[in-house]
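Asker: Each chain, written out:
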Amino acid sequence: MTVIILLVIVGIVVAGGFLIGFIWAVRNGQYDDLYSPSVRILFDEPKQADSISPFPEISEDKYPNNSKLNNLTKSD
Amino acid sequence: MGLPCVHCGEDCGVQPIVWNDKPFCCHGCSTVYQILNKSKLEKYYEIQPMAGIKVEKTDYDQKYAYLENEEIASKLLTFSDGGISVVTLFIPTIHCASCIWLLENLHTLDQGVIQSTVNFPRKQVTIRFDNREVSLRQLVELLGSIHYVPEITLDQMDKTESNHSSRNLLLKIGISGFSFMNVMLYNFPEYLPGGEQLGSLFTGFFGAMSFVLALPVVFYCANDYYLSAFKGLKHKLINIDLPITLGIFTLFAQSTYEIITGQGIGYMDSLIGLVFFMLIGKFYQGKTYQALSFERDYKSYFPVAVTRISDNVEESIPLSQLKEGNRILIRNQELIPADAILLSGKANIDYSFVTGESVPLAKKTGEMIFAGGRQKGSSIELEVVHQVEQSYLTQLWNQDKAAEKPDNQLNTLINNVSEYFTVIILIIAASAGIYWLFNNPGLALFAFTSVLIIACPCALALTVPFTFGSTMRVYGRAGFYIKNTGVIENLRKIDTIVFDKTGTITLNHSMNIHFKGEKPSQETLMMIKSLTSHSSHPLSISIKESIAGDQRFEVTDFQEIPSLGITGLVNGIRINLGSRKFVTGKSDENPNASHVYCFVGDRIAGYFSIANSYRPGLKTVIDELGKHHTLYLLSGDNESEKNNLIPLFGKEEYLRFNQSPQDKMQFIKQLKQQGKKVLMIGDGLNDAGALMESTVGLTIADDIYSFSPACDGIIESKKFQKLPAIFRFSKLSNRVVIISFGISFLYNLVGLYFAVQGSLSPIIAAILMPISSVSVVAFATFSIRYLANKRSL
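Just so you know, the protein sequences line up as chains A and B, in that order.
For the first sequence, our numbering gives the first residue as 1, with consecutive numbering after it.
For the second sequence, our numbering gives the first residue as 1001, with consecutive numbering after it.
Same shape as in the complex, but just chain A:
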């Protein structure tokens, strides 16, 4: 049963790690603006002409039936 004491200590350490993470995030100002990042993540990276992307670009012609993608680009 005394193993519980060890478990409790491990629990505190793990939870404490998250607490420290939270404190860091708050101090870093990550909770100051909860709206803009949700929009920002939807913007595409600017295409760079000279660098070769490891992923081939999906064009609409290549996937004419990919309705989800087409809808995404057409609406809004």
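Just so you know, the hints here were simulated from the structure itself, not pulled from any lab data.
A virtual CB, placed ideally from N, CA and C, is assigned to each residue, including glycine.
Treat the hints with caution; some may be incorrect.
[Unchecked claim] Interface residues of chain B toward chain A, partial, derived using beta-carbon atoms under 7 Å:
1) Ile1100
2) Trp1101
3) Ile1114
4) Val1118
5) Asn1119
6) Arg1167
7) Gly1174
8) Gly1601
[Claimed, not checked] Covered by chain A, per the in silico footprint, the following chain B stretches (three or more residues, Cβ under 8 Å):
9) 1079–1092
10) 1616–1628
[What the hints assert, rightly or not] Computed Cβ-Cβ distance ranges for the label pairs, DEER-style:
11) B:Arg1473 - A:Ile23: 27 to 33 Å
12) B:Val1313 - A:Ile20: 25 to 31 Å
13) B:Arg1331 - A:Ile23: 35 to 41 Å
14) B:Glu1315 - A:Ile23: 45 to 51 Å
15) B:Pro1616 - A:Leu34: 33 to 39 Å
16) A:Arg40 - B:Glu1383: 48 to 54 Å
17) A:Ile23 - B:Pro1616: 50 to 56 Å
Fit chain B to the known structure of chain A by using the hints.
Answerer: Then chain B, alone, in the frame of chain A:
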């Protein structure tokens, strides 16, 4: 109807400006489109179609010259070192995803920009730039050129970052949440059947752990409550935080005692849970509208800098350096920052923001010009008589800063209740203690502390934050934004409502214009329109906007004679527009009415009668509010509208005309002295004093992010009709608070039943406290939601 402008979505009219086969409403919009197109930023229009902002005038010239002044620049920059500078600018027009995208891609438009980040709720953009490549002035002008005009005011420069309190609250919630979850785990075995058989090794260990975890909660997370209770006591007041503080300390002391003596592991879980819930309540209540400002004074209206002339050299200096005797240059549309004497130039001062009077005043050389007016027309030179802080109007706005608003901490429902509550609880605790002292002395102290512990008004303290916090959100959705939740309580008490006229019950930009006399032909009307488009007088603008069509004629020999009228040759035909005296030669028969006489070719064609147009739905709003409140109207204007207003407000004595800002404030003061609770609804700086003086001051605004004077709440002008419903709702939400009080008292009674018998065990505390809090919170939030839906607010 023409096509919508590709940039801003406005109607392009009959002759759109076309660039690249795309229609634009004006040259400004097309220019922005070209700038973005050139830099391959057309995506701006894909994220949100027609996302652009229309700006009437983009003539910067010297407007931002002051940004080159070292002192001003250094106040604006948050960081500057080794060529890298950081500036945070407030841009009220940020409104959509496209705005974020474009502003964060500023580096494509200017190589000097290293990184830009938008804070959408605050409508701010933080730009990190290389100041060797681009100056602050160039940066601001760049933003202006794409129609994101930053608002730079004195106010922002003096302000130091104040957003740390919300961060601190979050930290406290995080820490108490962490402790709560862990301590709950340690206490749980005790609550299970057979829990008392737990070995002393575990009780000791769990007790020690919960003691350690409770320390930061008691001594850091909850310290705001102690402070507030202490402040209350200092003012000889018992507020809700006093029983909370008592409860927390008793819980902590009792539990520590039990842990140290090895009797058990105490009530630490209840203690930490209590603090955790209350902090969440505080967070919920503390929702603020970050981009709105309720505390503005003259500083946010005044420019940051002014052009000083010394030895024929013009230089921009910060307003704070402006001294008596300085000569200053004020250009078209600039604001006069200090009382001054006109030295040269044609002064035509628009005081509409200060006094509510819509017609500009012409001033002669040597006359005094008060601060706060706006110059219309050519540049003028002035000599400063008073410093900025001592100017007549700034003094008016600033005085009675500490005018007694019913402070949120004092006099509120919850504090009235808690005063009785605390006293009663102390009496019960003492009598229970005394009773047991004679019957079973061993239980006396325990019964005493148990009462204090169980009566700790956690549920009571959560009622108000959650009810009013929800109400605030309901209001926000309805287009009514309040400064804090205390306003809801004050709204309930209102018995007198005072309206301002101009801009509040009348519409600012649309006038009711009729032509009296022989109806002119369409061509004549177009000629009149062409003539008026040369003048910036409000009456000219009103007439121009009332005439449909966009045919243009050339105007020659144009002359504007201040306070008389305008004249010019349109297509070779002489047209005079202006006062009766100017056009007909006879003196005005009715100086109060706004009539613009019109002379075309060889005869007087008639006159334009210009009247205010009232907000739609005004009558219903006034009738509704009149049922329960006394209504007054204050106007800075003349009595020309009197006959229209009497049927609305009933008696003549409820109407006051020709009221200066000072008169308005005095009027409110008098009403308050009669014991009235006054709500003032205004719109401009001329109401600032009255708004400050009133119990609740509301501002009505077309654009809630643009300037509004210091007030308790801002209502969107479109939502004006909802005012009666909003007032009624404040009464409802106060009723919800009272019912929730009832519920939490019931829980308290149950707890007290155990406590006075000296049989309060940790498990009862652990069950009762969360249940009472959760049910009260649920009741408050859901009933407010339900009521708001029912009333479609």
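Asker: Are the hints correct? Go through all of them and say.
Answerer: Against the structure, the hints come out as follows:
With a cut of 7 Å, the hint placing B:Ile1100 at the interface with chain A holds, because the nearest CB-to-CB distance is about 5 Å. The beta carbon of B:Trp1101 comes within 5 Å of a beta carbon in chain A, closer than 7 Å, and the hint placing it at the interface holds. The interface hint given for B:Ile1114 is violated, since its Cβ lies 15 Å from the closest Cβ of chain A, which is over the 7 Å cut-off. Taken as an interface hint, B:Val1118 checks out: its beta carbon lies about 5 Å from the nearest beta carbon of chain A, inside 7 Å.
For B:Asn1119, the interface hint holds, the least distance from its beta-carbon to any beta-carbon of chain A being 4 Å, beneath 7 Å. This hint holds: B:Arg1167 has a C-beta 5 Å from the nearest C-beta of chain A, less than the 7 Å allowed. Hint status for B:Gly1174: holds, given a least beta-carbon distance of 5 Å to chain A, under 7 Å. Given hint, B:Gly1601 at the interface with chain A, is violated; its Cβ is 56 Å from that chain's nearest Cβ, farther than 7 Å.
With a cut-off of 8 Å between beta carbons, the stretch 1079–1092 of chain B has 0 residues touching chain A; three or more are needed, and the interface restraint is violated. Interface restraint, the stretch 1616–1628 of chain B with chain A: violated (0 residues with C-beta to C-beta distance below 8 Å; minimum three). Separated by about 28 Å at the C-beta atoms, B:Arg1473 and A:Ile23 satisfy the suggested range of 27 to 33 Å. Distance hint for B:Val1313 and A:Ile20: a CB-CB separation of about 58 Å, inconsistent with the stated range 25 to 31 Å.
The hinted window of 35 to 41 Å between B:Arg1331 and A:Ile23 is violated, with their beta carbons roughly 51 Å apart. In this structure the hint that B:Glu1315 and A:Ile23 lie 45 to 51 Å apart at CB holds, the actual value being about 48 Å. Taking 33 to 39 Å as the suggested C-beta distance range, the pair B:Pro1616 and A:Leu34 conforms, at roughly 36 Å. Range check, A:Arg40 to B:Glu1383: about 51 Å between beta-carbon atoms, so the 48 to 54 Å window is met.
Checked against the hint of 50 to 56 Å, the C-beta distance between A:Ile23 and B:Pro1616 comes to roughly 52 Å, which is consistent with it.
Hint violations for this structure: numbers 3, 8, 9, 10, 12 and 13, all remaining hints satisfied.
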